[in-house]
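*Asks:* Residue 1233 in the working numbering sits at position 128 of the sequence shown, with consecutive numbering throughout.
Treat the hints with care, as some may be off.
[To be verified] Cβ pair distances, simulated, as ranges:
#: 1; residue 1: Leu1165; residue 2: Val1126; range: 31 to 41 Å
#: 2; residue 1: Ile1111; residue 2: Arg1144; range: 17 to 27 Å
#: 3; residue 1: Gly1305; residue 2: Leu1110; range: 32 to 42 Å
#: 4; residue 1: Ile1109; residue 2: Ala1140; range: 19 to 29 Å
#: 5; residue 1: Gly1304; residue 2: Leu1120; range: 39 to 49 Å
#: 6; residue 1: Arg1144; residue 2: Thr1172; range: 37 to 47 Å
#: 7; residue 1: Phe1242; residue 2: Gly1171; range: 14 to 24 Å
#: 8; residue 1: Ala1235; residue 2: Leu1264; range: 38 to 48 Å
#: 9; residue 1: His1154; residue 2: Ala1121; range: 43 to 53 Å
#: 10; residue 1: Ser1192; residue 2: Arg1145; range: 31 to 41 Å
#: 11; residue 1: Ile1324; residue 2: Arg1153; range: 21 to 31 Å
#: 12; residue 1: His1154; residue 2: Thr1114; range: 30 to 40 Å
#: 13; residue 1: Leu1329; residue 2: Thr1156; range: 19 to 29 Å
Calculated from the structure, these hints are not laboratory results. Cβ coordinates follow ideal geometry from the N, Cα and C atoms, glycine included.
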Amino acid sequence: MSGILILTTAAAASLALRSTVPLVAYVMAVLALLAWRSRRGEHLALYRHITPSILARNLLVLLVIGTAVFTLLALENPILSFSWYASLVQHTALGPQGGLINLSESNPPGTGVVIGSLLLSPLDYAWLIAPFILLLFFLLPRLAAVEERIFRLGTRNWLDGAFRSVVFGLVHLTMGIPLGAALALSLGGLWFTRQYFLGGALRSTVHHLAYNLIALMAITALLLIPL
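Produce the complete structure using the sequences and hints provided.
*Replies:* Below you can see the structure in the form of structure tokens.
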């Protein structure tokens, strides 16, 4: 509860100052604190469980989810497209396109469907990119393990798993992604649920880690390779 209060305060400060700096500071502080608590690095052993086969399967899952996100948001439905973070950013000094991706390229800046994510907000500041990416690579196993413990551990059957998967997707709304994207992430929850049924929490955590790793590698590649 205190975390939500701090996030709300940071969002209010960003809106008042017309700057994403308070929110970026919040993200970096949370990641730095989690990294400090995980400084012994035992969680990094999870990386050793990832195989080429696991990477290939989760790449396909990521492509399916990406297609679902694009399809839902391309509808330009105001409910599916709403993102509190995108709305906030468009009212800051970063301007209507700061930190956001426009899915409607034919539309002028500030219109159409845009995607933003609080988690990726540090990427708007060049000097934070390297430490932010390094922190994420270090923390990915820990983050995957926490999410699997919350959303998969103890799942009884597919009905329970489906409910947990929808909740899993919707929880990401706190990160400022659009509702359509959050619903699409439920597909990932179902995939991780299947892995949980096949091999328990360790298996689902490894697949979740592989999925997140591919996504982070793609983001890193986009940052390193000029388009």
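*Asks:* Now look at each hint and say whether the structure bears it out.
*Replies:* A quick look at each hint next to the structure:
1. Leu1165 x Val1126: 31 to 41 Å: Cβ of Leu1165 to Cβ of Val1126: about 38 Å, so the range 31 to 41 Å holds.
2. Ile1111 x Arg1144: 17 to 27 Å: Hint holds: Cβ distance 22 Å, inside 17 to 27 Å.
3. Gly1305 x Leu1110: 32 to 42 Å: 35 Å, holds
4. Ile1109 x Ala1140: 19 to 29 Å: Between Ile1109 and Ala1140, where Cβ atoms are some 21 Å apart, the hint holds.
5. Gly1304 x Leu1120: 39 to 49 Å: 45 Å, holds
6. Arg1144 x Thr1172: 37 to 47 Å: For Arg1144 and Thr1172 the Cβ distance comes to about 38 Å; the hint holds.
7. Phe1242 x Gly1171: 14 to 24 Å: Given range 14 to 24 Å: holds, Cβ gap about 21 Å.
8. Ala1235 x Leu1264: 38 to 48 Å: 44 Å, holds
9. His1154 x Ala1121: 43 to 53 Å: The hint (43 to 53 Å, Cβ to Cβ) holds, given that His1154 and Ala1121 are roughly 45 Å apart.
10. Ser1192 x Arg1145: 31 to 41 Å: 40 Å, holds
11. Ile1324 x Arg1153: 21 to 31 Å: 23 Å, holds
12. His1154 x Thr1114: 30 to 40 Å: 38 Å, holds
13. Leu1329 x Thr1156: 19 to 29 Å: Roughly 25 Å apart at Cβ, these two residues keep to the hinted range, so it holds.
The structure agrees with every numbered hint stated previously.
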